[in-house]
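Asker: Spelled out from the first residue to the last, the chains are:
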Amino acid sequence: MTREEIQNGLSEILEEVAGVNPDDVSEEKSFTEDLEVDSLSMVEVVVAAEEKFGVKIPDDAVQDLRTVGDAITFIEKAAA
Amino acid sequence: MTYPGSRIVSLGHYQPSKILTNDDLAAMVDTSDEWIRTRVGIQTRRIAESDETVADMAAAAAEKALAASGLTPADIDTVVVATCSSADRSPNVACRVADRLGIPSPAAYDINTACSGFCYGLATVDHAIRAGASQRALVIGAEKLSAITDWTDRSTCVIFGDAAGAAVVVPAETPQSVGIGPVVWGSDPERSHAVRIEGWQPFIQQEGQQVFRWATTQLAPIAQEACRRAGVDPSELAGFVPHQANLRIIEAIARKLGAPNAVIARDIVESGNTSAASIPVALSKIIERREIPTGAPVLLFGFGGGLTYAGQVIRCP
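Protein chains in written order, with the working numbering: chain A, 3 to 82; chain B, 18 to 334.
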């Protein structure tokens with residue numbers, strides 16, 4: 003999976019779970035501050051991402067996923 | 018004498034009169050009505066007076082349930098109170114309730130499985146009746162969470178409230194009249210850190226994201242198992258009364274459970290999260306409003322601190 007593919011997958015999830023416009027999603031955007039994903043919606047994003055990308059994202063790791071780029075890097079490594 | 022099962026004949030509930038609104042909370046900590054509504058779905062919660070105890074509220078709810086049952090205090094042989102917020106270790110709340118109501122010599126015990134407590138209590142009483150150890154029981158969920166809430170912690174103080182709910186349980190004389198289905202109960206001790214009330218002068222603390230993830234991903238299959246054990250398809254449920262933890266959790270579990278015909282309890286909106294009291298209070302209000310016909314199947318499902326869970330299908334009294 004390329005970073006772009008992961009980002010596209012995340013955009014789909016963000017739109018479905020939190021109503022985020024896919025055009026607003028880019029690597030430097032913060033989930034909470036820029037995309038206004040609240041802490042519980044973030045959990046739903048993580049659960050959906052685990053399913054979509056076939057990876058495990060433990061509870062402890064969720065805190066560190068501040069930006070879309072952080073999530074892409076985590077998923078990239080976890081899937082490798 | 019043993020019986021094929023048991024059934025709930027009546028319920029009652031009690032809530033303190035003092036209402037705490039989201040705007041009241043916004044004046045105490047950095048929060049807002051909008052933030053609270055979108056995260057947890059709560060608009061108001063009830064708060065006990067400083068000298069009002071768990072036993073006071075439990076007795077008030079039990080008195081109403083008993084009055085609605087047509088039984089007298091002398092008929093009751095078992096009192097079970099589910100609570101995690103009683104200030105005293107002994108005497109337990111059950112003995113205090115029995116004393117208050119004039120129940121002469123019941124088996125009287127408290128159980129603590131936090132928010133799943135009422136369903137655990139209902140199961141233990143059902144089993145005692147089946148075994149012939151009890152015949153007429155009061156099962157009560159009662160909490161004074163305001164006493165163990167950290168009123169400076171904006172992540173938890175917006176969630177909790179005080180309340181009590183009670184049910185009167187009697188034998189089912191025939192298999193056809195059995196009104197409490199098999200319990201599916203268990204726990205997830207590995208995640209015990211996620212909800213905590215630790216020490217002698219404790220506050221409730223919780224890892225909100227971890228609890229939300231557990232509740233929205235692990236629990237729907239367990240709720241479905243409780244239906245399966247009772248021989249009821251989720252689509253046949255007339256009511257679903259889960260622990261009133263958070264409106265988003267309630268709606269996520271209800272969606273995955275697949276109960277399109279069920280009245281879904283949403284008492285959290287006006288009462289907040291009252292732990293072991295939330296299920297009997299919500300059920301008592303649904304029955305009071307006559308939203309579910311007598312005899313119709315209703316799934317009760319408790320979950321929370323421990324992490325513990327328990328659920329069973331009952332027949333609406």
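Please note: incorrect hints may appear among the correct ones.
Quick list of simulated restraints, FRET-style, between CB atoms [to be verified]:
no., chain 1, residue 1, chain 2, residue 2, range
1, A, D25, B, A104, 35 to 45 angstroms
2, B, D170, A, E53, 41 to 51 angstroms
3, B, R171, A, K54, 24 to 34 angstroms
4, A, D26, B, W52, 13 to 23 angstroms
Worth flagging that the hints you see were computed from the coordinates, not collected in a lab. Quantities reported herein were computed from a predicted structural model and do not represent experimental measurements. Glycine included, C-beta positions come from ideal geometry on N, C-alpha and C.
Asker: Taking each numbered hint in turn, which are not upheld by the structure, reported in ascending numerical order?
Answerer: 1 and 2
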